[in-house]
Structures are given as structure tokens and as C-alpha cells.
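Chemist: Use the sequences and the hints to build the structure in full.
One letter stands for each residue in the lines below.
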Amino acid sequence: MAGRRKWISLAVLSALIVLLPLVFPSGYYYRVGALVFVNALSVVGLVILIGYAGQISLGHAGFAGIGAYACALAPEHLGLHPLLALVLGAAISAAMAALIGRPILRLKGYYLAVATLGFGILVSMVLTNERALTGGPDGMVVSDPGLRSLLRDMGWRVSGGEFWYGASGFVLLVGAWLALNLYDSPTGRAMRALHGSEVAAATVGIDVPRQKLRAFVISAVYASVAGSLLALQNGYITPDVAGFMHSVEMVTMAVLGGVGSVLGATFGAAILTLLPQVLTVFAEYEQLVLGLVMVLVMIFMPQGLLPSIAQRLKGRNK
Amino acid sequence: MLKTTTAIVTLAALAGLTGAAQAEIRLGASLSATGGAAFLGDPEAKTIEMLVEQMNEAGGIDGEEIALTLYDDGGDPNKARTFATRLVEDDEVVAIIGGSTTGTTMSILSVAESEGIPFISLAGAISIIDPVRDYVFKTPHTDRMACEKIFTDMQAQGITKVGMISGTDGFGASMQAQCKEVAGDYGVEIVADETYGPQDADMTPQLTRIRNTDGVQAVLNPGFGQGPAIVTRNVAQLGFDVPLYQSHGVASNAFIELAGADAAEGVRLPGTALLIADSLSEDDPQYDVVTSYTTAYRDAYGQETSTFGGYAHDAFALMVDAMKRSSDPEDPQAIRDALEETNGLVGTTGTYSFSPEDHLGLDLSAFRMLEVKDGGWQPVE
Amino acid sequence: MDALLQFLFSGLTVGAVYALVALGFTLIYNASDVVNFAQGEFVMLGGMITVFAYQAGVPLLLAATLAILITAALGVALNKLAIEPARGAPVVSLIIITIGASILIRGATQLIFDKQLHRFPAFSGDDPIRVMGATILPQSLWVLGGALAVFAVLWVFFSRTLTGKAVLATANNRVAAQLVGINTGWIMTLSFGLSAAIGAFAGVLVTPITLVSYDVGVTLALKGFAAAMLGGMGTPKGALVGGLLLGCLEALTAGYLSSQYKEAVAFIVILGTLFVMPQGLFGAKTTERV
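Residue numbers (this note's numbering), protein chains in the order written: chain Y, 1 to 318; chain X, 1 to 381; chain V, 1 to 290.
Some clues are possibly wrong.
[Unchecked claim] Computed footprint of chain V on chain X; a stretch qualifies when at least three of its residues, placed anywhere within it, have a C-beta under 8 Å from a C-beta of chain V:
| # | region |
| --- | --- |
| 1 | 24-30 |
| 2 | 185-196 |
| 3 | 225-235 |
| 4 | 254-267 |
[Unchecked claim] Okay, the calculated bits of chain Y under chain X, using three or more residues with CB under 8 Å as the criterion:
| # | region |
| --- | --- |
| 5 | 31-38 |
| 6 | 121-132 |
| 7 | 135-144 |
| 8 | 236-247 |
| 9 | 274-280 |
| 10 | 283-294 |
Since the hints were derived computationally from the structure, they do not count as laboratory data. Ideal Cβ placement from N, Cα and C applies to all residues, glycine included.
Modeler: Rendered as C-alpha cells:
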């Protein structure tokens, strides 16, 4: 049963990634698709943290910022290839998460929220203030990883939009696969157990702090890689990527889509990424509609969009 | 005189309507009408919408109407890039105006460059046009020019030691860096260098530090939004009696209102002719363009114009001018070539002349040193 | 010496602003365990409505009263339309609801009013009061006084009145509260109305100092939230002390260390405090129910 769920999720996801371009009327849709995938990737990380382990974070954009600026800074200052910079960023994020996670994760609920929020703000503050290094609030250029020209040399001509659509889609698939594997692994079960009740989990011998920390570190890596991908495909990065609003956006995507499932998270990411694009005609009302959607979904579908819809469909079939 | 113009305009409009070819020129814009940079983007968006409407009512360009697609990127560079892609790939515009901030500009810029679409930016940083990029132009003065104008004035006053207090937003931080770079050229030493967050409520600690620094003769405050108004009020509160220089970021009547006329008295800043539209002499080269813009804006929105709206006005004027001169106003390449040949176009910010080496084309004379006197802006003689 | 005093004056001014926002969080939190992230929007509305009523010619006092009443009504509406229908939803859903509500209020404000900055005159003029070489504006005293007054009222409310105790009982155990005859629905309505009113009251007091525009709520909510957590969520004492402490920390850092990193220092102190005292300075110890 559990295994089936995993393969269905992966099949749906890969089908979407491969088939959607068939109906794309213009190159712009590849760009939006790539953004959805990048957002979905960081949200899958939050599914592990919030959905599996039941911990909240309002500071994950901080990790996205680390990943993004690693890709901007390391090639320039350390001469690293941008892809190695992505790995370096992920490693720094993981180390940082492990370092602060231990004390922070002792906190619960809103106290954990404010502590993670503080971390995110510290990262964005450093990125904003260290102008000499990061270009300050104006941001900095990220050098091209040169993968597209590599493909071109191999005789495969793709546009920038198409390339990043494919690349982000692929990374999302890998990320989703790992997250789904984790779900059914002993670690995943332990995480989900402490989501239910930490005391109960501890009494059956689960090392609660250790499992929390694992979830935190893993989700930090997801956010970091997503930040790197964003920096690489945009070719330009500003501290906004590490900002509080980005953290909130990530959590909202996760919760809106359904924080318990990888597919739901992707769905949430897609909705919140597409909404501003759809609403451009009513730009004046964009915030109004966005707020309304958030409130209404949470009232009528407190489990998130996808799980609620799935439940209803099931109910109808019976 | 006015009546005949109106008549001609009406005729032209009718001709445009009845003309068989309903061709249109697609113009794109991505501006920060909301979010942290709304102070820049909101008047810019309003200005462009107003000007496009005016232009179409007047018959468009050679009978072709301008179809404007305007997106609000909320100051987010990521969104700006998406909208730039959308403008080029989906809306198939022939030119883009936009990028209220340096961050959004840099995002739009790479799309415009790789797709070969002429793009006029409304942001300050010098890195936008230096090095010169084929398709990228900009209308605002660089922050460096604002600094130079201020330091020239300080030099004339015999001020050599200055305390700076800057906003940590993109505008303030960029100007802070530029000012520190050029201060030495004018014999000015920055002896104190403080900052404040864009939403801070009280800057007396920073100002107290500046006041306690030896020999400070003037305070310079690069920033926009509420920060400069609060700094101005705090300077008055502390009884800190040195000249206060603000930046072009707050060149508006609203600033005097927010800071309070008493506190703002004597504040100096480098501004454009827009701010003193009512007191410009009729033989001023900018008189016509400035008065027609400020009047139209006031009529349309019931608000005062700002320097930033002026940047958008000039960008639109440059674009229209280039389209009119170009061989084909629907061909991006032709528009770009015509843009680069712009010569002596008078805007609200100054007079523009582009060349292959210079995609800004303004000189220092475009800035006017202004001072608050009796609750209003006056040019410094 | 006069520099230190000036830093403290600044810290108290800013801290009182934070404290007023933080105090607004306590009521709703106590009644429902929800941290209302739209609290900053209530503050913003208090300022904005007063500004526009005042500009339309309404006397300042009346304009302020109007703003507080309208915002209180909005608070009640928020509870009736968004919080009550979602009863039983997980806490994270409630967070998203209040964030959604704050975005909605911002969007509506920007449409109904505008995106400009506004200000109305200070209540007792702009002539600074001099104390030993340092200065403070009369409006700062108004804000400080306002924070103290709200604190006193809340303290008396929670410890001396039956309704206040009913609020605490509702938070503690809704079913049990209903069993002993507490109308929990009404308690929730009351909490949201009062919280919104406190927020709007804060907005009225601080606008002459901080200025107001449609988007000032986010930062205010953030700082107020941090202050409340520092002091301990749910206790009026924690909100007051947390706010003033946060303000003074920022001012002293800006004055003695670095203005660039003043918020960083503030957050590091908050993090440090929470590591030692996971419930904030005055927060009640809780145990997990299994």
C-alpha cells in the first residue's frame, strides 16, 4: 500500500513534467514551470519538517539564501564550478542547520517559530549588509554554469527556458523520490511518530531530538538546493531570496497544498506560483485575492487542497 | 492656439479610429507598483498608464496605437524576470520600460539582452549602463551624480566633514556606497557612517553618535520612504544645528508634509525641475515638458508628481521619440538603433543624448540644488 | 551620559511601540492559542482610518475613536468569518489563516485608501522635552503612557474580572469552560474585538512618530511577535517588558555598537533567552498532553 502510494506520486509527477510542454504555447510557460518546480523542491523539504516531523519553521528562506549566494560567490571567489558551489551551499546549509538545530528544536510551537524566524532574519541581514561581498540589497550577478553550451556542443539546442524547466523538473523528481523513500523508512516512521506525540515517541525508544534534527537538516538541504537552482537560472540574486516573506511563502505553499504529502506540496507550490501570473489582469486585486484564497482554503480544506480533494473524490466513488 | 491643437488631435484620433489598418505597437512594462519599492513603482506605473492613454487619444504613433502590457513585479527580481520573459515570449512586445529597482532591472536586463529587445530602466545604479549593453538604456541620474551634486554644494559652503546616515534599502545602500567613493574628490571626508532599517521609527541613537563625532559640519541622508522624514524630525528634536542634506529619493512635497515644515526648513537636496514646476521661468528649456506633465498627473490622479514618476515619463518620451524616428516602430532592432541616436530630447529629469558609448546621456547640470524655504522647495542660487 | 540617556529615550519610544503591538497579541492568544499575524494590520488600520477621517475634516479625537471602533468591528468579523469556521483546524492552518487575512486587509487598504505615507499632528505638539541634555518628544510619552495603560487594563482584566478569567479558562480547555457555563463563542468574539481595538489604539498613538502606510503592518507584527515571545506569549507583563527590552536593545546597539546590526543583536538576545528560558521571560511552563 505504502509502496503503491510512492510510485503513483512519482508517476503523476513525472508525467506532468514530461507532458505539460506539449501544450505550452510559448517559451514563457517553461519559465513558470521551472519556477513551480524550484518552489516545489523547497516545499518538499518542508513536508519532511512540518508534515513528517511536525516542526515549524519561519526561517527556511535563510537556507535558500545560503544556497543561492553560494552559487553566486563560490565561483567568483573560490573558482568553483557553479554546480560544485551548489553542493558546497547544501553542505554549509546542512552544517548550519545541525549547529543551530540542536538548541532551537528544543523549543515548541510559536517559540520555535520565532527562533527560526530569527535565524532567517540574521541570514538576510548579513546578505543585505555585507555589501562589499554580496552587493547589498541591489544583489549580484550569478555566473552561467555553462551547461547549456555543453548541451549545444553535443548538438542539442535548447533555449534557456527549456533547459531550466528540464533541470528543475529532474531535481524535483529526485527530491520527491528521496522524500517518498524517507516516508516509509525507519527514520521516516520515527519522525512521524514524534509528530503524533513527542512523549509517546520517546517512551517507545525514539531519540526525539535526533529525529527532529535530522528532519531539520534534510529540509535545510532541500531549501538550499532550491535556492541554488533559482540563483543559477535567474543569473541574478538579491537578499529577497532569504527574506521573511519568502519563508512565509514557502510554509504557505506547503500548508495550502497539503503538508502531509509530496504531491500536495507540489500542488501548493504550483497554485501560489501561478496565482500572481493569472491575476496580472487584476493586478490591483492580487493581494486581496491571494489573501482570500489562503483564508478560504484553510477554512474549508484544513488538510490542504490536494488531500481534501482526494478525500472528496474517494467519497464520491463509494 | 490650444483650440487648434485640440482640433488637430481630435481629427488625428478620428483618423486613427477609422484607419483601416488597426496595427498596434506593443509596449511592455514591469514595475514595482506594490511592495517595498512602491514609492518608486506606483508613480511610475501611473505615469506610463496616463501617457499611453494620452498618446492613443492623440492618435498614437503614425496612426498606430500603443498597446501597453504592464505588470507589477512587487520589487521582487524573481518575479521581474518572469514578467520580462512573459513580455517578450508571450505578449511579444517590441520594447520594455521598467525595473523600478536595481535588482529588478538586472533581472529584466538579461532577458532583454538575450532576446534583443530595447529596454529603458528606471533604476539608479551605474552598473546598469556601465559597461554599456546593446539594448539597455536608463533615464535616472546615477546615484554617483546625486552625490557629486551634493558634494559640490558642500564644497561651496566650505563643508569638509560630513556624517552620513543611510537607509539599508537598495536605494539608500547604493547611494551610500557611491557617496563614500566620490567624497574625496570634493575634499569631503565622511567622518561618521550610520544606517537605519527602512521601517525604523526613531533614529536619534544614530544621530547622537554623529553629533558626538568630532567636527561634523553637515549630515547627509541617502534614503527614501519614511526614513528621511523621521531623520529630519529627529535632527530637529535633538536640536542638532548643522545643514541637513537629503537625496533625490525624497524630492517631493510629501516629504515636507511628513517631516513637518518646521523640521524640514533648510533641508537641501539635488532634485529635478519637476519639484519647482510652479516657479520655473517660461524660458526654461524644461518649462513645457515639466508643466504639461505635472498638470496632467495632478488632473488624472489628484496627487503630486515625484522624481520617480518623472523617470517613467522620460523613458516613455524617449521610447516614443525613437519609435517615431525609427524605420519601423514595430521592429525592436530599429527602435534600439533609433534610441541610441536620441539627441537633445528634453525630459523632466534633464536633456538626453544617447550615443554608442553612453546609454544614460545626462550630465550634472540636469540636477538642481533645492532647499526647503517657508514650507516649499526653492532653487538654491 | 547624555548620550546614554538619549539612547534610552529612543529605546523606550520604539519599545513602547513594540509593547503596544505585543499587548495586542495576548488577548487572542489567551482565548484561542492563536498568534494573530494580522495584528500588525490592526495597528496599520488604526493609523490609516484616523488619517483619512482627519483629512476629511473630522476632529482628531473623533477620527481616532472612529478608527478604533471600525477596526474592532473588523476584528470581530475576522473571528466570525475566518477563525470560527475553521475551529479544530491545526495550529499551522490557523497561522496561515491569519497571515492570509493580513494580506487581504493590506490589499483592501491599498485599494480603498492609497499607497502613500501619511501622518497626522502629534497630540501635544513637536517641542521636545529636555532632560539632562537628552530630548524626548511629547508623543513618545503618549505612546509609553498608552502602553502602560493597556497593560494595566489587561492585567486587571485577567486577574480581577470574571470575564478575564473566562478568557483564560477558554484557552485552557474549551469544553470544560463550556461545561461550567462560559459562552466560549462570545469570549472569542470579545477577544478579537478587544485585540483589534488595542491594535488600532496603538496605531493612533504611534502614527505621529512612525508615519503610516498600507504596508507598515508586517514589520510591526514581526517586532511585536518577537517582543511577545521574548517576554513570554500570553502574559501582559511579558509583552510590556519584552517590547521595552527589545526597543532598548536596538537603541543601545545602534548607539554603542553598530546601527547595521542592531536587529541582529536583538534577535541573538531573543534566541539566547529562549535557549535558557524556552517559555520566554515570564511565560508559564506547559507540559505536553499525551
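Chemist: Look at each hint and say if it fits the structure.
Modeler: Structure-based check of all given hints:
no., hint, result
1, 24-30, "violated (count 0)"
2, 185-196, "holds (count 3)"
3, 225-235, "holds (count 5)"
4, 254-267, "holds (count 6)"
5, 31-38, "holds (count 3)"
6, 121-132, "holds (count 3)"
7, 135-144, "holds (count 5)"
8, 236-247, "holds (count 5)"
9, 274-280, "holds (count 3)"
10, 283-294, "holds (count 3)"
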